[in-house]
Amino acid sequence: MYAALWRILPGPLWVRILTATTAVVVVATLLMVFVFPAVDLALTTREVTVGQ
Amino acid sequence: MRHRQNRRLTTDQIVTRVLGVVGELLITLGVIVLFFLAWQLWINNAIVTNEQTTMTKELQEEWQTETPTTSTPDNTDYGVAPAFAGVGEGTKFATIYIPRLGANSGRVAANSVDLPSVLNHGYYGHYPQSQWPGQAGNFAVAIHRTNWGSPFGDSNKLESGDKIYVETKDGYYTYVFRNYEYVLPTTVSVILPTPGKNTVTKDQSLITITTCNPLLGDAERLIVYGVLDSWRPRSAGPPSAIALEASGKVS
Chain A
1 MYAALWRILP GPLWVRILTA TTAVVVVATL LMVFVFPAVD LALTTREVTV
51 GQ
Chain X
1 MRHRQNRRLT TDQIVTRVLG VVGELLITLG VIVLFFLAWQ LWINNAIVTN
51 EQTTMTKELQ EEWQTETPTT STPDNTDYGV APAFAGVGEG TKFATIYIPR
101 LGANSGRVAA NSVDLPSVLN HGYYGHYPQS QWPGQAGNFA VAIHRTNWGS
151 PFGDSNKLES GDKIYVETKD GYYTYVFRNY EYVLPTTVSV ILPTPGKNTV
201 TKDQSLITIT TCNPLLGDAE RLIVYGVLDS WRPRSAGPPS AIALEASGKV
251 S
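Protein chains in written order, with our numbering: chain A, 1 to 52; chain X, 1 to 251.
These are calculated hints, taken from the structure and not from any lab test. Using N, Cα and C, we set each Cβ at its ideal position, and we do this for glycine too. Treat the hints loosely; a few may be bogus.
[To be verified] Cβ-to-Cβ under 10 Å is the rule here; a few derived chain A residues that face chain X:
hint, residue
1, 1
2, 2
3, 4
4, 10
5, 19
6, 36
7, 37
8, 40
9, 46
10, 47
[As the list claims (entries may be wrong)] Calculated from the model, a selection of chain X residues having no Cβ within reach of chain A, i.e. all distances over 10 Å:
hint, residue
11, 8
12, 13
13, 64
14, 88
15, 93
16, 120
17, 160
18, 170
[Unchecked claim] From chain A, some residues computed to sit far from chain X (all C-beta separations above 12 Å):
hint, residue
19, 8
20, 11
21, 14
22, 21
This is chain A alone, in the form it adopts within the complex (with noise of 0.2 Å):
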């Protein structure tokens, strides 16, 4: 799957680096900011109030 996706990329061997990379950093981020609070919230919940 990878190496498919990496032969897929067009340019020279540096423009693919960047690419990917910039892929990477762009996927972490996402995850970070959307998927990993949400997945905190329904996982790991952690009450510290009192409450009936």
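Use these hints to put chain X onto chain A, whose structure you have.
Okay, now just chain X, sitting in the frame of chain A:
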């Protein structure tokens, strides 16, 4: 036969390719799970702590309408603490410092105990039905014990007499740590005006901080009680114990 094999894949080759893709997806998932753990344990902690530090400085600047003229000694008596006027639901209104928990213990307090919007961003959440600093009764807040940028991991190591400072736009309320209580999560009576009793005890202002217990679980609540000891107006400058942090010099 050889010619045909080159042009279309055999069943074996298809299975190998599919398994290859599945394998790569599983490896990716594993990496994401590890990344999530790193985010939860360290990255998010650092981000939230940083946000809180920035926010305490911003509030400090917003409230500091005039520079304190002289730094008055900590024991100067400014009389009875005025009651804080209160704010709407969800609004930031104070910074709470507990020097025993470290040089960077200041966290902003907001008027709500909502998990996703308040507590998970490192705030002290004020129980809206409880009283305000300086009011007779109980100023009750909640905060995470660990993670989410919380400085509260060592909160069970407070010693009697330790100070809890609440900074508002009006000034600095000094509470003195009184005692702990370990209770079940349903013990709502701890945030009543007089813990355990729904009546105000005359001239008594308490602070109640609820957090989770044990350290990495939430089967119980650790309750930290403090009693209002003194007050100083903003013009008198911050108490010496939080002077560095409350003037934005420690990050």
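Cross-check of the supplied hints:
Hint status for residue 1 of chain A: holds, given a least beta-carbon distance of 5 Å to chain X, under 10 Å. This hint holds: residue 2 of chain A has a C-beta 6 Å from the nearest C-beta of chain X, less than the 10 Å allowed. Given the 10 Å rule on beta carbons, the hint for residue 4 of chain A holds: about 9 Å separates it from the nearest Cβ of chain X. Restraint check, residue 10 of chain A versus chain X: the minimum CB separation of about 22 Å is more than 10 Å; hint violated.
Interface hint status for residue 19 of chain A: violated, as the beta-carbon distance to the closest one in chain X is roughly 18 Å, over 10 Å. For residue 36 of chain A, the interface hint holds, since its Cβ comes within 10 Å of a Cβ in chain X; the closest pair sits about 5 Å apart. Taking 10 Å as the C-beta contact cut-off toward chain X, the hint placing residue 37 of chain A at the interface holds, the least distance being around 7 Å. Look at residue 40 of chain A: its Cβ gets to within about 6 Å of chain X, closer than 10 Å, so that hint holds up.
Look at residue 46 of chain A: its Cβ gets to within about 5 Å of chain X, closer than 10 Å, so that hint holds up. With 10 Å as the threshold, the beta carbon of residue 47 of chain A comes within range of chain X, its nearest partner Cβ sitting at about 5 Å, so the hint holds. Annotated as non-interface, residue 8 of chain X keeps its C-beta farther than 10 Å from every C-beta of chain A; the closest such distance is 18 Å. Every Cβ of chain A is farther than 10 Å from the Cβ of residue 13 of chain X; the closest lies at roughly 15 Å, confirming the non-interface assignment.
Distance check for residue 64 of chain X against chain A: the nearest CB is about 31 Å away, which clears 10 Å, and the non-interface claim stands. Listed as outside the interface, residue 88 of chain X is consistent with that label: its C-beta sits roughly 19 Å from the nearest C-beta of chain A, beyond the 10 Å cut-off. Consistency note on residue 93 of chain X: stated as away from chain A, and its beta-carbon is indeed over 10 Å from all of that chain's, at 18 Å minimum. Not every C-beta of chain A lies more than 10 Å from that of residue 120 of chain X, the closest at about 7 Å, which undercuts listing it as non-interface.
Against the 10 Å criterion, residue 160 of chain X stays outside the reach of chain A, whose nearest CB is about 23 Å from its own CB. The claim that residue 170 of chain X is not at the interface with chain A holds, since no C-beta of that chain comes within 10 Å of its own (minimum 26 Å). The Cβ of residue 8 of chain A lies farther than 12 Å from every Cβ of chain X, with a closest approach of about 15 Å, so its non-interface assignment holds. Every C-beta of chain X lies more than 12 Å from that of residue 11 of chain A, the closest at about 23 Å, which supports listing it as non-interface.
The beta carbon of residue 14 of chain A is kept farther than 12 Å from every beta carbon of chain X, the shortest such distance being approximately 24 Å. For residue 21 of chain A, the non-interface assignment is confirmed: its Cβ lies about 15 Å from the closest Cβ of chain X, beyond the 12 Å cut-off.
Of the numbered hints given earlier, the model fails hints 4, 5 and 16; all others are met.
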